[in-house]
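Asks: Residue numbers (my numbering), protein chains in the order written: chain L, 1 to 338; chain P, 1 to 300; chain Y, 1 to 249.
Some hints could be false.
Claimed, not checked - Taking lysine-lysine and the DSS-like style, the derived pairs with C-alpha atoms no more than 30 Å apart in a straight line are:
| id | chain 1 | residue 1 | chain 2 | residue 2 |
| --- | --- | --- | --- | --- |
| 1 | L | Lys110 | Y | Lys52 |
| 2 | Y | Lys28 | Y | Lys52 |
| 3 | P | Lys185 | L | Lys110 |
As the list claims (entries may be wrong) - Where chain L lies over chain P, by a calculated footprint (3+ residues, C-beta under 8 Å):
| id | region |
| --- | --- |
| 4 | 206–215 |
| 5 | 227–239 |
| 6 | 283–293 |
Because the hints were derived from the structure by calculation, they are not lab data. Ideal Cβ positions, reconstructed from N, Cα and C, are used throughout, including at glycine.
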Amino acid sequence: MSTRSLFIIWGLLLLSFILMPLFITSNRWIGFLEMTFFVAVMGQSWNILGGYGGQYSFGHALFFGTAAYIQAIMQQKFGWSPWIAMWFAVAGTVLVASFVGYLSFRYGLKGSYFALITLAFAEAFHVLARSLDSITEGGRGIQLLLNQDPDKAISAFQFNFAGPFLSSYGFYYTILIAMVLVFAVTWLVEHSRFGAQLVAVRENEEAAEALGINTFRTKMGAILLSAAITSFAGIYYVQKYLFVEPGIAYGLSKSVEALFAPIIGGLGTVIGPLLGSFFIHGVGEITKDFIGHYVGDRPGVDLILFGVILLLVLAHMPRGLAGLLSDVWKRVAGGRNA
Amino acid sequence: MEFLGITLNFYSWQTIFGSAISGVFLGSIYALVALGLTLIYGVLHIINFAHGALLMLSMYAVFFLWHIFGIDPYVALLIVVPGGYIFGYGLQRSIIGKISHGRDEIVLLVTLGVSIVIENVSLFSFSATERSVRVPYDLDGIDLGVTYVVYPELAALGASLLITLLLWLFIDKTDTGKAIRAVAKERQGAQLMGINVEHIFAVSFGIGTACVAAAACLLVPTYPVHPQIGYLFVLIAFTVVVLGGMGSFIGALVGGFLIGITEQLGRLFLGESLGVITISVIFILVLLFRPTGLFGQRLS
Amino acid sequence: MLSASLISKSFGGLAAVSDASLDVPEGKIVSLVGPNGAGKTTLFALISGFLKPDTGSVTFNNEDITGQRPFMICRQGIVRTFQVVQPFTGLSVRENIAVGSHTRIAKRSEALLKAEEVAALVGMEDLLDRPASDLTIAGRKRLELARALATGPTLMLLDEVMAGLNATEVHEIVDVVLKIRDSGITILLIEHVMQAVMSLSDHTYVLNEGKMIAGGKPKEVMRDPKVVEAYLGHGAAERMAALEKKTNA
Chain L
1 MSTRSLFIIW
11 GLLLLSFILM
21 PLFITSNRWI
31 GFLEMTFFVA
41 VMGQSWNILG
51 GYGGQYSFGH
61 ALFFGTAAYI
71 QAIMQQKFGW
81 SPWIAMWFAV
91 AGTVLVASFV
101 GYLSFRYGLK
111 GSYFALITLA
121 FAEAFHVLAR
131 SLDSITEGGR
141 GIQLLLNQDP
151 DKAISAFQFN
161 FAGPFLSSYG
171 FYYTILIAMV
181 LVFAVTWLVE
191 HSRFGAQLVA
201 VRENEEAAEA
211 LGINTFRTKM
221 GAILLSAAIT
231 SFAGIYYVQK
241 YLFVEPGIAY
251 GLSKSVEALF
261 APIIGGLGTV
271 IGPLLGSFFI
281 HGVGEITKDF
291 IGHYVGDRPG
301 VDLILFGVIL
311 LLVLAHMPRG
321 LAGLLSDVWK
331 RVAGGRNA
Chain P
1 MEFLGITLNF
11 YSWQTIFGSA
21 ISGVFLGSIY
31 ALVALGLTLI
41 YGVLHIINFA
51 HGALLMLSMY
61 AVFFLWHIFG
71 IDPYVALLIV
81 VPGGYIFGYG
91 LQRSIIGKIS
101 HGRDEIVLLV
111 TLGVSIVIEN
121 VSLFSFSATE
131 RSVRVPYDLD
141 GIDLGVTYVV
151 YPELAALGAS
161 LLITLLLWLF
171 IDKTDTGKAI
181 RAVAKERQGA
191 QLMGINVEHI
201 FAVSFGIGTA
211 CVAAAACLLV
221 PTYPVHPQIG
231 YLFVLIAFTV
241 VVLGGMGSFI
251 GALVGGFLIG
261 ITEQLGRLFL
271 GESLGVITIS
281 VIFILVLLFR
291 PTGLFGQRLS
Chain Y
1 MLSASLISKS
11 FGGLAAVSDA
21 SLDVPEGKIV
31 SLVGPNGAGK
41 TTLFALISGF
51 LKPDTGSVTF
61 NNEDITGQRP
71 FMICRQGIVR
81 TFQVVQPFTG
91 LSVRENIAVG
101 SHTRIAKRSE
111 ALLKAEEVAA
121 LVGMEDLLDR
131 PASDLTIAGR
141 KRLELARALA
151 TGPTLMLLDE
161 VMAGLNATEV
171 HEIVDVVLKI
181 RDSGITILLI
191 EHVMQAVMSL
201 SDHTYVLNEG
211 KMIAGGKPKE
221 VMRDPKVVEA
231 YLGHGAAERM
241 AALEKKTNA
């Protein structure tokens, strides 16, 4: 697919997302898109380390949770503005990532071992969040003060009680902007020397070293960038839901959420996480409607389907939805040229 | 002594000793769960993420056998263990093995997918309500002075030792065991010798599942059953397996005891909540500094 | 240019390389030969930083590079290829070679351009957009060569770059290697294909069971009885001499 066609598609997508609120006023649909974009951001962060870098993390909740907690603690305990707190959230998360990355890569952990150590770190922080009561409020979690003053909506970064436009679309545009930035960064990485070296490390570490690539530095760069992006998701979550507790922050579900979208959508592609997120949430909505009709609101239904989809994708679509679409496009384009 | 909300406590030697003893019993439960996992790890070279889900499923099976048919959990062993073998064999042969196609990087994700499906099917079918099995003897036990041990815990300790022995005998003395060792050591070579590797993989997975089914029978008297219980054990099981060494039954046993003791002592000194961080810390340290574990690399 | 001095490496009591020394003068093609398992690839690994020698040193342009990390050694100008080719199978030929060019080039577009140039040099220009996984063994060997060449080296360590190739392919690669040498790059190669060794090298070293047993002009070295014995077994040299005497008589 030519770069020009790609840009046109991206442009159209972006335009439709920006203009969406003009045409769709349904809160449910806007909420659906918010969730989709949120998971797309989480997924893209995982994608950088896992898809492009080939290091599968099973503990991405570590980054999400740390950012969320720092964001919450700075506001709740120190009364700081969310716009200041977020810098600390990102910095703190990147610091944690540098620690984990240094240990993991310095000691040459790869594959399953790397996955396990990320899981172990996430679990360790989970325990810390539950135990360090004085800082994290332990199992009770941290509840942010709700801002009900519409004039302070932006400075408090809370849009629940803002003017008519922000109340409905404030978070929608926030996550959309974040997603655009993150995806742009990913595209830049893909077309940079760092990206080429990262992919080389994924394909064959030894060969990459022989070609002058500092594999340790490359992997560190990937995990730091990945953590920084994940922290955006953590910050967004805290501002939107005004609540964080150990299970939400560091639980396995966030880690799984992070890896689902890129695997299903297409590892190592820019659009993968978005495709994957749309697919998962779309299927989720349909399932909940459909099954809910028959069996009521029973938990776990959509997750069963996600698990099955994951297995099917792993079995038959190693390049995910993006790979599938790319193959279809080639077929169509090739047919036209014949 | 307080620090950041962590209370460091100091106790008498008896209390510490008592804690360590209870740690041994706790550890035997961990060992039971880990034994099957280390076999699978040793032969298929995969970290079976679905192991916890299989434990949970087995526990539900034991629960329903008791709830509907009134079968005592220990008697249920006769049903659940062979059932677990069959389920595990089928799971590996038809799903995990088929999907992974020999791609090692994918296997962890496949077992993750399987665990998600199993856990949520359970959640959907049984709901999140905790179920408990009450047996007449579950609170009776022996007073050791420094600590009180209930009969189910004693049974678990005995079972862990017995199963370790049985597994070791099986792997060492039987023909199938020899085939398993061959496949574990040198997959392609074994294939060239005419061993049906896929079958051996499935057998190993089946035995691993049977072990965890046995563990379920021994856990049910003391632990409540709910869809998340598998996940609680799975991380600890991974730690035990990596600490003990890939494919080592004695490693799973010793590793289990060590983790159990460390956890109990951790709980004692660092408090109920923070104490369990010792498990994650050990896991991280072992992965970094001794990934082959204490008894690593040999299937013994 | 490159000088390895008394390099030794043992693995668990087994000496893979013992007190091996060699010199590679600038601008020349030097070959390293010897029977299978002699330790040639190990020696390459020791020179290029993939293994640390137990004793001995490696000097490059009068600087000690012993035990440096492989990527550092590459950046200084020494690049190695692998006996068992290691293409980046998920990438295209162009992208593969570009990874090499990125060693010295930061801009993506420039690196890709350089990749095209290098591909043309080794005769792969029509394969640029094919996935590396599509290539035959000969193609992969050539890709390995191209990728290494793209890093802008001054010295190339080629490990059995002709293994598995038929006569025509060997001929083509020999031409490429000569072209590379003519462009000013020094080459140290491990080879089993004797025809190539003879026609390419200015100097030959023979390694047997980890020890350097001969070094000199290729034709002379191949006649050295020690070398004959290393390849053909004990007593072979005598038998060959006797046979020659008989034939000449």
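Asks: Each hint: holds or not?
Replies: Structure-based check of each hint:
For the hint pairing lysine 110/L with lysine 52/Y, the CA-to-CA distance comes to about 22 Å; that is within 30 Å, so the pair holds. With a CA separation close to 26 Å, the supplied pair lysine 28/Y and lysine 52/Y stays within the 30 Å bound. Proposed proximity of lysine 185/P and lysine 110/L is supported: the alpha carbons are some 21 Å apart, at most 30 Å. Only when three residues or more bring their CB closer than 8 Å to a CB of chain L does the claim for the region 206–215 of chain P stand; here the count is 0, and the claim is violated.
Coverage of the region 227–239 of chain P by chain L holds. Counting CB-CB distances below 8 Å, 5 residues qualify, and the rule asks for three or more. Under the rule that three or more residues need a Cβ within less than 8 Å of chain L, the assignment of the region 283–293 of chain P holds, with 6 such residues.
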